[in-house]
Structure formats: structure tokens, C-alpha cells
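Trainee: The residues making up each chain are set out below.
2 protein chains.
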Amino acid sequence: MVRAGYPEHCSLDDARKILLDEFANSQRGTEERETLRSLGFILAGDILSRRNVPHYTASAVDGYALPASATSGAAHATPVVVDSKMFSWVNTGMPLPSTQGADAVAMVEDTSLIEEGTASRLKIFRSLTQGENVRAVGEDVMSGQLLACRGDKVTPALLSLFLCAGVDRVAVCSRPKAIFIPTGNEIVSSERWFSAEKIEAGLVADSNSAYAASMFSSWGYQLDVGPILADDPDVIAEAVSNAARCYDLVLVSAGSAKGRKDHSANVFSRLGRMLFRYVRMKPGRPAMAANIGGTPVICVPGFPISCAVTLWSLVYPLLKILSGENVTEDYISEAIGVRNDIEAKLTVQHSSPAGVAEWLRMKCASVDGAMLCWPLSAGASVLWALAESDGISFLPENSLEHPSGSSVTVRLTRNVDFSRRLLFQGSDDPAVGLLVPIIRQKGADFVIRPVGSMAGIAALGRGEAHLAAAHLLDPSDGTYNTNYIDRFSNGRNWSRRLIFHREQGIMTARGNPKGIFCFRDLASGRVVFENRQPGAGTRVLFDHMLKENGLEKNDVAGYDRISITHLEAANKVASGVADAALGIKAAADALGLDFIPIAREPYELVFSERFEEHPASKILMDALESEEWRESVLKMGGYEWPV
Amino acid sequence: MVRAGYPEHCSLDDARKILLDEFANSQRGTEERETLRSLGFILAGDILSRRNVPHYTASAVDGYALPASATSGAAHATPVVVDSKMFSWVNTGMPLPSTQGADAVAMVEDTSLIEEGTASRLKIFRSLTQGENVRAVGEDVMSGQLLACRGDKVTPALLSLFLCAGVDRVAVCSRPKAIFIPTGNEIVSSERWFSAEKIEAGLVADSNSAYAASMFSSWGYQLDVGPILADDPDVIAEAVSNAARCYDLVLVSAGSAKGRKDHSANVFSRLGRMLFRYVRMKPGRPAMAANIGGTPVICVPGFPISCAVTLWSLVYPLLKILSGENVTEDYISEAIGVRNDIEAKLTVQHSSPAGVAEWLRMKCASVDGAMLCWPLSAGASVLWALAESDGISFLPENSLEHPSGSSVTVRLTRNVDFSRRLLFQGSDDPAVGLLVPIIRQKGADFVIRPVGSMAGIAALGRGEAHLAAAHLLDPSDGTYNTNYIDRFSNGRNWSRRLIFHREQGIMTARGNPKGIFCFRDLASGRVVFENRQPGAGTRVLFDHMLKENGLEKNDVAGYDRISITHLEAANKVASGVADAALGIKAAADALGLDFIPIAREPYELVFSERFEEHPASKILMDALESEEWRESVLKMGGYEWPV
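Protein chains in written order, with our numbering: chain A, 6 to 648; chain B, 6 to 648.
Just chain A, same shape as in the assembly (with noise of 0.2 Å):
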């Protein structure tokens, strides 16, 4: 689509193709370097040696050098035995003695020595052939011999090659000059984020900055970072016409989307040519870029999974090509530091966006020897999923629909030990977060997806979990699980185990402004109820309360509002978007909530027969014994051990 003058909502490969192409003869130039500090450039020309190496005959053994024709016919039956004048003592290494005509070595453990006074002669057991355990001259490498060419990478083993054969100097690529520039009223420096008492809504810390630096570190580049600037279309106007005269590639985050404040398309086009803006990709799609005199200035967005996928797909190969390096067919794995691809089932459902390259942040596990996979968080500002992702699938813009169950491409930027990793879906309890360090430090892995407890025994039953976590009330009975497990087991074999009581209540921010006393005030109309997600176990307890007051979903205001963790409900009360949530004591404490205690649950694990095999459940089991959990959970509150 071209309507501004320069293509708009490219394809990712448009992007990058317009980009290389548009830079492609714009390395830096070249300097000569120091062989010993030439590590990991570009080499500018070939390298040809300047020595032999070895420069020297050299024994490739310790023993006896000798002329060869001295040891005709020796064998373990028949030794030869010849005089002192005939062999000399030579280290591996070691020059052969010019004199005695010696043209080979004996292994020292071919021969014997027989001493006899200050003389002595030496019994050879086995025949030798001219320069037989003999470096010649240039076995090694010959001077003059071609040892690398232009473009080539220095690696430790080139550089240790060089520098034997006598390559003091080398002519490299110069590497390109890089900054990044900050822009944004809102972003705050680090520096202020860490030190201020209380951070003004609206502020965001400058972590792109960050992210940039240390990307540009792991790829072995330096990064510059400029001082934050103002949305001014004048202030960033005059910081990257001068960034684009002293750089070789200049960085601006954000001002590129189509916000009020987006500025940077204008300046760019103000200041030389744009290349291309939009790029059809989910997160990335404001990425931007133009040519400004001749430096290559890119654009990068402001969410930071948004900055990091620009980064990973557009600055990286840029930055290859700026250092005389080409640009290999999976670069993108190279920059996000790929160790390998997994082929991975979705247990979930997803839907791709038409005409759309998708960035996914994913999670694997290996349940009875499947491999699964589920994607993190779709959202583009959510730094943590980037963090806490095994991996990223990349959608390319022609794939759509992904059923759960279908298979993707992980790319691994982790090394995890899947047979040492536990799944586990279910009920959400903070106190089941407290083993994940705990189960971390004793070699295993325990990863959790708080998919409420019903959505846990289900998976259980798909063979997607190791185990589950439910508090299913049937008020038909007033049992907790037993119907319900009954459901999804199918008639396996699954075992069961009472881990502790909690107190399940109302919880309302500090002082209970609302006044809410009993469960009927949830349906005043005064009151935003923040509610959970169907299945989950609290859900279901509201459900049956709501039942047992005699009140209808409608009745209550939020109904419809999902949270997706007890502590995530409590944090909403506590921010002031919700009134009141149903949740446990322990999440109320722990942000400070008033809690109105409305019952007392049994949580229980779920786990299949097999669960038993797993290399990390006993590790799972004694964590549920240690006094270390045990104690840092009662200091929450609202648990009781079963008696």
C-alpha cells in the first residue's frame, strides 16, 4: 500500500527487504585492529599467513629421533638396536637435530633404552619411515596460504590462527555507531522510577531503553541511550538530525503510531525519506523507519514486547548488514538467541490475525510424552510473558486459525529440562505459588496455570496436566470434588489429596467504605462486584450462594467481570475498580482488604496414576511437607493443615 508517498502496512519481509536493500552499501568503514582485540568482527579483506607453521621439522612425539633407514627391519621380535651417536632425546615439539641425518622419531614407547656407563644405546622395536612422527615445515599452515576471506567472522579459533602465523594486524569492518532515544512525556529515567516515594499515574519507567542496551550487548554491539525527550516534534527533530549525523544507526522509541502525540513520522518526513511505516505484524506494527542523510533512523514502538520483536526483526539484521555481516536465512532466531525448535500442541485455541504476522510468547510442557505448548499473553505491554515464556512462535501473516490440539514451532530461548518439569492446572491458590521456589531450588520445575478448577480436572482428563487443583462445591450433596472428579476421570484411576482448608470470604477495600456486612449487599446496586471465571471454584461457591440468597446473576453489578486470580480479583478491589470480590483470606491480607469470612473449603490435588513416575514428583511431595512452605503459608493466613 503506498498512499504517503513510501509504502505503508508492509509485510514483515517487505519491511526488511526495503531496509537492507535501501542500506546495503552503507557499512561503516574499515579500521585495522589489533589481532588479539579483533574478536567477533567482520574481516575486511583476506588473511594470508605471514609464517610457516611450524616454522621448524619438528618431532609430533616424545622419543628418539633417528635417521629412518637406521630402523629397517626392527619388530617387537627383532629389535634393532643402534649407538648413541645414531638418536637424540626429543620432546613433542621439539626441532629435529640437524645433525645424525635424522629424518624420523621413535615413540618413546617403541624403544628401550639400555644404559651402560656414560654411554648408552637405544632398542627399537618397531621400523620407521622417512619424516614418520615428523612435523615438516608448513604442515600446519603455509606462508602466503590464504586463512580467511573478506567477511568472515573472527572466531577464537581464527584469532589463535592468526596470531601463530605471524597476523599481527587485521583490517576489519568497523562496527556501526548505535543509539537509542527515548521519547515520551510519559516515560520516566530509571534512575527517578527507582528512587521516587510514589510515581505519578500515567508514568511508565523508560525500560525499552534497557532492553535495547542489553539486546545490543547479548549481539556483542554497544548501544548509546539519549537522554528522554519531550513529545516536541521540534526537541526530537533537532535530537535525531544530530543523532543521524554522529551515528551509524539511530533508535527512536515511540511517536509512531497515529496517537495525538505521535510525532515521529512528521519528523522523519521532515528530515530525509521515509522508508516504510506500519508493518503488518502483532506486536510490532508501528514500527517505522527512513533514511536521514544517509543514516538509516528506524522507529521503534513503545509497548515493549512491541520494541522487542522490532528490534529482534528489523534492527538486528540491519545491524548485520551496517557490520559488513550477512544476514542468514534464520536471523531471527539468531537474535532473539534461539537454542532450538520443538514441534508443540496448543491447549488452547488461537485465532490469528488476517494478513498478520503474530510474535507469540509461549509456554511448553511434556505431559506423557506429549509436547505442549500455550501462548503467554497476547498483549503487546506485558513484559512479564517475555520473561516468563520458554519461547517464541512466530505466525507467519497466511496462518490463521489454530485449533487447540494443532502444532506449532516453538523456538526455545531456554534451555529447560522438560522430564524435570511438572504441570499444573487448576484452582488458583497463592500458596501453590510458594512451592515454585522451592521446587526450583531442589532441581525440578513447576509451572502453573490458574485456570480455575474445573477448567484443571478437564485438562487433567485431556492428558494436559500432571496434575490439577480443585474446591468444587456440589450443592447438591455439600461435597467438594468427588462428583465432579467422577465427571472428567472417566473411570481412571486418580488419586486425591487433601492439602489444606482455607477460608473463602468477601473481601472490600480497608474500612469497608461500601458497608457490606453479609452476602445480599453484593446485590445492593451500590456495590461493583468483581466475580471469577466460570469454572473456577470460587465461582462456582458464588454461584451457590447466590442461589441460596435467593438472588439471580443480573442482581449483581460486575457479574460479568472476570478475574483470573484470587489475587487478581483483590487486586482490583484494592485499585479501586472493583468494590467488593469473593476470594481468601490470604489475598485479602496480603493487599490489605477487609474480608468478610464466608466458608471454609477443602483443597485438594488431583493427580493421575502416573503421576507417581515423574522424576519431579516426590520433589512436589516433600514440598508439601517442608516446614519452609508450611510455615510461609500460615504467615499468610486463612490456611489450616488437615488434621
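Please keep in mind that the hints were generated in silico from the structure rather than gathered at the bench.
Check before you lean on any hint, since a few could be wrong.
Which copy is meant is left open, so a pair is good if it fits within one copy or across any two.
Said to hold, decoys possible - DSS-like mimics (lysine-lysine), calculated; alpha carbons at most 25 Å apart, straight line:
1. Lys266 to Lys128
2. Lys266 to Lys90
3. Lys519 to Lys552
4. Lys447 to Lys623
5. Lys447 to Lys158
6. Lys590 to Lys558
7. Lys447 to Lys325
8. Lys519 to Lys182
9. Lys350 to Lys558
10. Lys447 to Lys22
11. Lys266 to Lys287
12. Lys203 to Lys90
13. Lys447 to Lys203
14. Lys182 to Lys203
15. Lys22 to Lys519
16. Lys558 to Lys128
17. Lys128 to Lys325
18. Lys287 to Lys590
19. Lys558 to Lys325
20. Lys590 to Lys447
21. Lys22 to Lys158
Add chain B to chain A, keeping to what the hints say.
Mentor: Chain B in isolation, oriented as in the chain A frame:
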């Protein structure tokens, strides 16, 4: 095997286990670092968020904040119009206004602003639910939430997450301080190596320090390098004992074998407790380790490749352990920097020694859909092979015979575009070598295996080369190549292309000290001859000349000595190891030898029908026509273009 009071000749797995078990609890202490300077460090404790992220209720889009209830029933056909008091503009990330009861944001594209003088009204085309397009407090991260566990590595994503979460400092495991101590009277510092006009026989460059420091640097670690020590046990003992006090990891280069100057084992035993000596791997056998006052001290063998494999297989995992990191299953690939593994067919038979693991430096090429590989050199001293290799094959100790054609795994350490790599097998000629940089600059690649004329066309016949080159005289009719090609092509339609004629002759030392004037002088008994390998065109020529002169192999001293290339043979003469060799004028000229012309030969490329389909074939053909190549060939001397 325990004979010395500690295990000797252990397997690599055992050696590593002994080492890692011994120092499993020897991590250095912990330190606090600024989060912004913690990239790559291992966390020494769990990290909890200190902030809600976001810390305020924020708009997730650009649009109008308003109460969701006011949009009830809005649709494209039935827009809802709200009053100016009901809505206000918000940019993405801006806080929701606390007045007006705003609890949702209408995306700008779902609205239309009706300007009416100073007031304005908003038309909304989509009904909203409470909280829609709103980011709740703590949506990304909640205060107190576990962000990372002890033992996690600080990645760019974690680092910026910590920043957002208000974590300004983190406790990390201190990095081990490591030192490399080169030893050996024969070792010359790089300064002296570079500056000396002439290096005495027996001296070698200190390349291992540079290699080790470069590898540490590529792993993100610093390695100090001590001064080079003489082969004096007391000097070494003092240095090692000081280093063990001041450092967390000490590497001593060389001195671990059984040579007369190998003092390290005695020194280690004197100062501390030996852990093992000799590892059943090739190269790398003399690796050795000790615990000296609680500090790991590893003796790294002196041969460059032995040094390299010891660093990869023993030092790297120990470094991880000392840093508080886990050792992954595939730590060797991680250490070497492997990008991916491929399966490839060996083009040569390889015998691996019994009970010993072996490291091979592999070169690979893809011919007609088959991935081929061959080891570059088995020598532990040969640095060139490591720099030139595409990857490493690790043959475990139970693997013995690898017949030609069998499959091995190659761990690729560089990115190779195999679709653009040509494999040339055949007659050696330095002029062919000059094609490499020219072809490389055009984005293709040209790998030369100088196996000789006959082996080259045989490889072409087996589908193990894209092209061959030959100059094979048939003495029966005086023709070149035709009869040989008929034999190997098996009726296939191979093409030939005459590249040049070149002069062959006898190469002797400058001044011709042995007085060689005609072919028969080679059989005078005064002269040591350097021959070429069977199947080399030059050897075929030599055998023919022998016959013509009525001579036998046995008449020529050195007939069984083999050089693989013209330059290698010339080098043997130049360095005095041989008196004469048959070879081309260019090689004699390159090394300043005298040259007695014997024959003028056609040098032809041979290739199959499929060659021209190869993406790099045109680049090769262009290179053969290029002025650049022809000029540099003519400069060498002894070549003539076909007329």
C-alpha cells in the same frame, strides 16, 4: 584405573563428574548489583516485584474513556451519542480519568466526534463492557509477585521486567575469577612472536592464552592471563599456589603429559589433591585436574586442539557450576557455540580408537541432495583445521569404525548456505585456490579438496563432488584425461573445460646444490625425492617418466614420501627435508626454488550435467573469466591460457 592414588585414564563423563562433584558447592559468594548492570548474571535469590505494573488504571488504546454503561446497545446501525461531560480523550497508557465514572475506553476507530462549537458530542458504534480496553492495576505484574527464582539467568527481558517492577538492585552469584598460566620454555609471547625477525627452531607462539581468553569472552567471562613460566617445577609451584589463593579457577597450560619437562602432575600433587589425570579422549588426553586449597586447578594440554576440547568439555561446565548455573545436557554444543546439528555422510572411512572419545573437525558440503562430510585433520596441533571446519563431530568412546558412506552428526559452529557451496575434488593447483576469495565475494562458496586427479574424478563418479579437475596422462596414447574420464563417468555425459596449461618440472633448492640437471639425476642415490600421493596427476607423470628413463621406484630415494599439494612438496624442498620434488613452476616460484622444466600439461575441469543447475556454477565460470583471477594466476608464473 586408580594406580596413582587418584583416577587415571578416566572417560570424559567420569572426569567431568569428578570435577563437578568436587566443586558443586564452591560457588563464589553473592554480591548485590544494580539491576541495569546485572545482564547475564545468575540470581542468588528469588526476586519479588516491588510495584504493581501498571501502577494505575490505564487505557490500553487511543480513544475515549467513558462509563461502559453509557454505551449499552451501541452498534454500527444504532450508534449511541454521549455528551461532552461523559467522555474524555486518552492516549494509550494514559490513566483513566477518575471523574465521570469512566471504566472503559472506546477505540477511536469505533467512534466519531461531533464538534459543536466549544462543546462536542461523541457518537459510539460499539457497546463496551466494564473494563474493556483498560489495563487494570497490576495487570502485568503485581506487587509481591515472584518474578524470577534463584538460579535464573538475568536476560534482557528479565532485566527490563525488574526495572519496571521497581527492583533496582539484585543479589547475584559472583563470577568466578579465572586465570590462565602458560608454561614451557618453548612458549613465546605474542608480542615477541609478532616483532621478532626470525624465530628460532623449537619455539612456538602462545596461542592457547589467546584462544582461552577469546572463548571465555564469548561465554561472557573474563580470563586473566599470567606471564609465561619456564619449565621449572618450583617456579610453576609458586605461581600455581599463589593463583589458587587469589583466583576461583586456575588453568595451567601444558606440562601434563609424560615428557621430561612435564612437571604439572608433580606440582599439583605437592600443592593439593589430584582429582584425575588423563582423559580417554582424542585429542585432549593429557587433561588433568586437582583441588588446591579448595580451588579447582585444571591442567590444559599444550597442543592447540587439545587445549580447545579441554576448555569445551571440562572448563566450561566447571565455570557454569562455579557461577551458580546449571550444566545443561548439551553443554558441549553450548560451549562451542553450535547453531544446529546435521546428519552427514562420511566421504572417507574413519577409525576411532577403541575406548576413547574423539573430536573431529568437520567440513561439509551438499551434493545432489546428499549432505557429505569429512574430517579436516586428526592432528591435535593443527589450528588451521579448527578455524576452517564447519563444525565438530564428537564420536563417543564406544564408537569405532565409521565406514565411508556412514552417517555421523556434525554440530555446526557456523552458518553455511550449503545451497551456494561448491565442492571441488581433484588435482591440486594454487591457481584454483585463488578462486576462493573471488567466489566468496560474489556470495557463493568454493571448497577445495586437493585429493589428486584420479581421486577427483572418482569422487565425481560417486556423486561426492560438484566438479573435479585433472591432468592425467595416458602414456599409451599420450592423451590427457579422456581415457580416465571414460572409465569413471560410466557412460554419463560429463563436460570438460580446459582452464590452462601449466609447466611441470623438478623443484630443487635455490642454487641447485645437489646438481640435478635431468630426470635421471633423481635416481643418483645422492638425492632424497619428495613424491605425491597415488592417483595424483603429478605422480602419474613421474611414474611415466621413470618408465621412459628405464628406472624403477626403488631407484629413487624417497619415492614413498608423500606430499598432498605442490606447495607442500615445494615446502619440503625449501625446508631441506627433501632435495627434489616434481611440481609446477608456480609452486617453485612461490618458495624461491630452482626449477627444471619437464612437461607442459593441460589442466581441465570436469563436471556432470547437473553442475550447471547449481546456483554457484555461473559465479565460478565468471570467476574463471575474470581479469582479477587471470592476472593473479599469470603473476605466479608457469601458466598459459588456452588459445
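Trainee: If a hint holds in the structure, say so; if it does not, say that too.
Mentor: Results for each hint:
no.: 1; hint: Lys266 to Lys128; in the structure: between (91 Å within a copy, 23 Å between copies)
no.: 2; hint: Lys266 to Lys90; in the structure: between (92 Å within a copy, 23 Å between copies)
no.: 3; hint: Lys519 to Lys552; in the structure: within (23 Å within a copy, 114 Å between copies)
no.: 4; hint: Lys447 to Lys623; in the structure: within (10 Å within a copy, 59 Å between copies)
no.: 5; hint: Lys447 to Lys158; in the structure: between (41 Å within a copy, 17 Å between copies)
no.: 6; hint: Lys590 to Lys558; in the structure: within (24 Å within a copy, 98 Å between copies)
no.: 7; hint: Lys447 to Lys325; in the structure: between (41 Å within a copy, 17 Å between copies)
no.: 8; hint: Lys519 to Lys182; in the structure: neither (59 Å within a copy, 61 Å between copies)
no.: 9; hint: Lys350 to Lys558; in the structure: neither (36 Å within a copy, 69 Å between copies)
no.: 10; hint: Lys447 to Lys22; in the structure: between (48 Å within a copy, 19 Å between copies)
no.: 11; hint: Lys266 to Lys287; in the structure: within (21 Å within a copy, 64 Å between copies)
no.: 12; hint: Lys203 to Lys90; in the structure: neither (90 Å within a copy, 30 Å between copies)
no.: 13; hint: Lys447 to Lys203; in the structure: neither (38 Å within a copy, 59 Å between copies)
no.: 14; hint: Lys182 to Lys203; in the structure: neither (36 Å within a copy, 40 Å between copies)
no.: 15; hint: Lys22 to Lys519; in the structure: neither (59 Å within a copy, 64 Å between copies)
no.: 16; hint: Lys558 to Lys128; in the structure: neither (102 Å within a copy, 30 Å between copies)
no.: 17; hint: Lys128 to Lys325; in the structure: neither (61 Å within a copy, 49 Å between copies)
no.: 18; hint: Lys287 to Lys590; in the structure: neither (39 Å within a copy, 63 Å between copies)
no.: 19; hint: Lys558 to Lys325; in the structure: neither (59 Å within a copy, 57 Å between copies)
no.: 20; hint: Lys590 to Lys447; in the structure: neither (29 Å within a copy, 70 Å between copies)
no.: 21; hint: Lys22 to Lys158; in the structure: within (23 Å within a copy, 34 Å between copies)
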